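Q: Protein sequences, first through last, are from chains H and Y.
All residue numbers for the first sequence refer to my numbering, where the first residue is 1 and numbers rise by one.
All residue numbers for the second sequence refer to my numbering, where the first residue is 1001 and numbers rise by one.
Please keep in mind that the hints were generated in silico from the structure rather than gathered at the bench.
Wrong hints could be hidden among the right ones.
FRET-style restraints, in silico, Cβ to Cβ [said to hold, decoys possible]: (1) Y/ARG1027 - H/GLU35: 52 to 62 Å; (2) Y/LEU1262 - H/GLY155: 27 to 37 Å; (3) H/GLY158 - Y/ARG1357: 20 to 30 Å; (4) H/GLU96 - Y/PRO1178: 48 to 58 Å; (5) H/THR99 - Y/PRO1089: 35 to 45 Å; (6) Y/TYR1471 - H/ARG78: 17 to 27 Å; (7) Y/LEU1262 - H/ARG78: 17 to 27 Å; (8) H/THR99 - Y/VAL1365: 48 to 58 Å; (9) H/SER29 - Y/LEU1262: 32 to 42 Å; (10) Y/ARG1357 - H/THR99: 54 to 64 Å; (11) H/ARG78 - Y/LEU1174: 32 to 42 Å; (12) Y/ILE1175 - H/PRO199: 22 to 32 Å; (13) H/ASP90 - Y/ARG1594: 35 to 45 Å; (14) H/GLU35 - Y/ILE1512: 49 to 59 Å.
Source: prediction; values computed, not measured.
Note that beta-carbon positions come from the ideal geometry of N, C-alpha and C, so glycine has one too.
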Amino acid sequence: MNSPDISVRNLWKVFGPGGEKIPKDPELSSLGSAELLERTGCNAAVRDMNFDVAKGEVFVVMGLSGSGKSTLIRCLTRLIEPTSGRVLVDGKDVLEAGTGELRELRRRKMSMVFQHFGLLPHRTVLDNVSYGLQIRGTAKNERYARSREIIDLVGLKGYEQHFPDQLSGGMQQRVGLGRALAGDPDTILFDEPFSALDPLIRRDMQAEVIRLHKEMGKTMVFVTHDLSEALKLGDRILIMRNGEMVQCGTGDDLVGSPADKYIADFVSEVPRADVLTLKWITDPVALGTPGDAPVLSAGMIIRDAIPTVMNSSCPVLVEDSGKITGQIDRDSILSVIRSTEVAA
Amino acid sequence: MSTLVRDRAPVQTGLVSVRPPRKRLSRRTLLLGGAGVVWLVGFLFLHGTSTLTLPASELTDLHRSLNQFNAWVASNRADNPVFQYVFTPFRSAVDSVANLFASTFAASSTGLRLPEIGWLGTVGLLSWIAFAVGNARVGLLTAAAFTFFGLQGLFTEAAYTFALVLTAVLFSLLIGIPLGVLSGISGRVSQVITPVLDFMQILPTFVYLAPLALIFLIGPASAVIATVIYAVPPLIRLTAHGIRNIPENTREASDSLGTTGLQRLLTLQLPLARRTIVMGINQSTMAALSMVTIAALIAAPGLGQVVVRALQSLDVGTAVNAGLSIVLLAIVLDRVTTAASRRAEPGAARKRRISRRSRYILLAVSLVVVLVMVQLSRTMLWAAAFPKNLNFGPDIVSGVGAASEWLQTNLSLFTVSFREALTNGILNPFQSLLTETPFYLLVAVVLVAAYALGGWKLALVTASCLAAIIYLGLWSDAMVTLASTLVATAVVMVLGIIFGVAMGRSNKVDQIMRPMLDAGQTMPAFVYLVPFLGLFGATRFTAIVAGIIYAAPVAIKITADGIAAISPTVMEAAVSSGSTPWQVITKVQLPMARKSLALAANQGLIYVLAMVVVGALVGAGGLGYDVVAGFVQSSLFGKGLAAGLAIVFLGILLDRMTQAAAADPVRKIRSARSSAH
């Protein structure tokens, strides 16, 4: 991972009259949501949020509805004005940017894909995709040429002259994706982009995002309420509840060592063998294990290790950056699979 | 408001008696009931005293000083700087635009010679414009209608009316669209503009004619200004609405791409609001036509004058002939602007049957034909003035006149007895209840009712309105108008509930009724008087029936929309628990549509009030009569002006009272909830 692309520090968003006083007040800021609402009539949608997003990373913000995740992502480009804190993009604080700077940021650095697409109904697919380029003043020929490439990239070739209401939901979101990509931003923000789509189309679109990420390597901040989507896409996942960060880490961190009961509940139905790596089930090397036993990497997903372990007559050794850290055997793998089935 | 008072009381007690063990009557019910009892008892013992009656020809000091003001304006018009540098130049600017259109389509500015473009050119040009902004069908409709005006012998009059409507709409666009856009973008502008628009909408059309005529003289300029005042509010409202109601997610998406305010307006808000704005132009045009005809009272030329003259001489045939022209013109203007708004719909381009290119070719070819027609009409007499031997106007007039007389003589058994029964049975007793109660008693009763409905604030507003009416010296006339208005509104509400419920419950009924109601709403107010004049003769009753017919479509539509908006789940729940249709209507639909019903009553009142005043032209008395008399006799000018103001205060009073009655249940629910916490 490189230097952070986006750094969020002590970010607060409080809705309601007099909300700007709450982050500074140590007594009020420590209150729970219900108490805060009772005492001040304010609602803290984002509380004291801190995290970094690395360049090229897919960073997922996950939480149930009302947890503040959509507010958080809008605070990054100030579509919702944050109450206090800092959002550093390339080392500059977005909250201190003037109107012009902010506009430049939105035009060139960060673009966004929305849950309900937000397409302009009076424009064709081509004009929708080139909208952002038109806004920043790109000449017509150039922006159409660029947009056609993007339309190709998101798989809408042949639909350039269609209007949004002639397209299916999945195709409309491809237009939204194309519009975000057309400006060639460093970062793309996704606000529950696939929640409004059918499950099958959602899977296609997730694959599409993974493909685009591989091809273009953009930084992505992805908001979702769907855990399997988060695990599938996210390099790291931040889980929010009531505006606060509960845990932030890789998928197998969350499943392997949930920070509290809330997260444990959340991840209890995840097929652990599909997410956890060998490091979570490694035992110390036993005395009887032969030195020439097969060796597997600690970063390997458990399910992928099954054939090797099952075919080996003895326990299998686990190595992490060249050092043997321990061993696993059939029992340890079976216990992972069994625990998932019990939970299910 | 007294019908409201009396309507409310049984509803309240009904609710109370249903509730489990004898809960005490609410304070409001007690106040309203008590006020009603005091009123009736007071009427029994004191009726006929302190009624503040003012005979038709008598004036108060206030009226006389207004007359003097009129005289002062007349003598100082030439040298007063305000007139010299503000009003007069403004008037001549408006006049010159109006004259430009009038001399193009109707007649030269002296009114004696032929217009720039004769009838053939006018028909061709207007049809071509209709084709260009709308479609071929409305183009043909325009051609047919304008030719028909010629056959009616009313081509010049219709062209005058059209020219005035065009001028007024042009000015409305000039004022309305920028204001609407501003108010759509800025919350602060909208906060300032909205109450002004609300106020403009409760002003009955009649009212601003006299003051305008005082400042801008009678004639086209005053007519256009009055029309713009009446026609611009819907345009501002709809434009602002269109701009403001861009879907939140689209707006957010455009913001996330870094649009500036101007870019947002040009690429997002205006294109998406286009349809709504054109709908605003449609409403504005219809309002303009309605007002231009009424402005005949201050000497606006055109069809309105024919109707006014015919109404004054009770010539039903001529009135119907000219009324028919107005209706036709209304249909043409409505269809053309509606077609234009369809064309403005996003994505309309791809649904067209012919390609853009062949449409342009067709437009160019027809334009050449039209130009030939225009040239012909400028050189050939037969194409300039509509041929006299094709004038069927007199035949229509005499035919309709005969038919109306036949109806009046042969149906008199029915119409007269119906009229007399209602007049003697309901209207007269109610009117005498209002006019013969001592004024102080009635004021007290109204104030108690206002306090019960809306607290001290409403009582204060009501008191000021009543005090103003008394000060204007027109208490008794105001009560006459009030009686007619309330009786008509009661009927409107009955119609509104019956048809509204039927429409709200059945799609089929809705589909049949809605076009009729839409058509009813596009008719200018004047036209309603004509057929009822033929049936019922010139009486107060005719004015009331016209008011009912004028106001019913609004009330029915609002009620129907309210009923139809009730969530289907609630209806399913009610039906699945075994309610009969009657139970569903009375226990679920009407209570849930309560807000809509109150709004329907409010709008119904405003519409009826406007029409009852116009009804003075066919024999309604009261304030409307004073206003009309003020136009005709200069010695009554002051009284007419005062009557106009009294109508305004009456309108504000009725509007505020009904709104308070409508707002109340919500407050109740909220307080019940908070006490439950």
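Q: Are the hints correct? Go through all of them and say.
A: How the hints compare with the structure:
no.	hint	verdict
1	Y/ARG1027 - H/GLU35: 52 to 62 Å	violated, 37 Å
2	Y/LEU1262 - H/GLY155: 27 to 37 Å	holds, 34 Å
3	H/GLY158 - Y/ARG1357: 20 to 30 Å	holds, 23 Å
4	H/GLU96 - Y/PRO1178: 48 to 58 Å	violated, 35 Å
5	H/THR99 - Y/PRO1089: 35 to 45 Å	holds, 42 Å
6	Y/TYR1471 - H/ARG78: 17 to 27 Å	violated, 57 Å
7	Y/LEU1262 - H/ARG78: 17 to 27 Å	holds, 19 Å
8	H/THR99 - Y/VAL1365: 48 to 58 Å	holds, 51 Å
9	H/SER29 - Y/LEU1262: 32 to 42 Å	holds, 40 Å
10	Y/ARG1357 - H/THR99: 54 to 64 Å	violated, 44 Å
11	H/ARG78 - Y/LEU1174: 32 to 42 Å	holds, 37 Å
12	Y/ILE1175 - H/PRO199: 22 to 32 Å	violated, 54 Å
13	H/ASP90 - Y/ARG1594: 35 to 45 Å	violated, 57 Å
14	H/GLU35 - Y/ILE1512: 49 to 59 Å	holds, 58 Å
The structure fails to meet hints 1, 4, 6, 10, 12, 13 from the earlier list, while all remaining hints are met.
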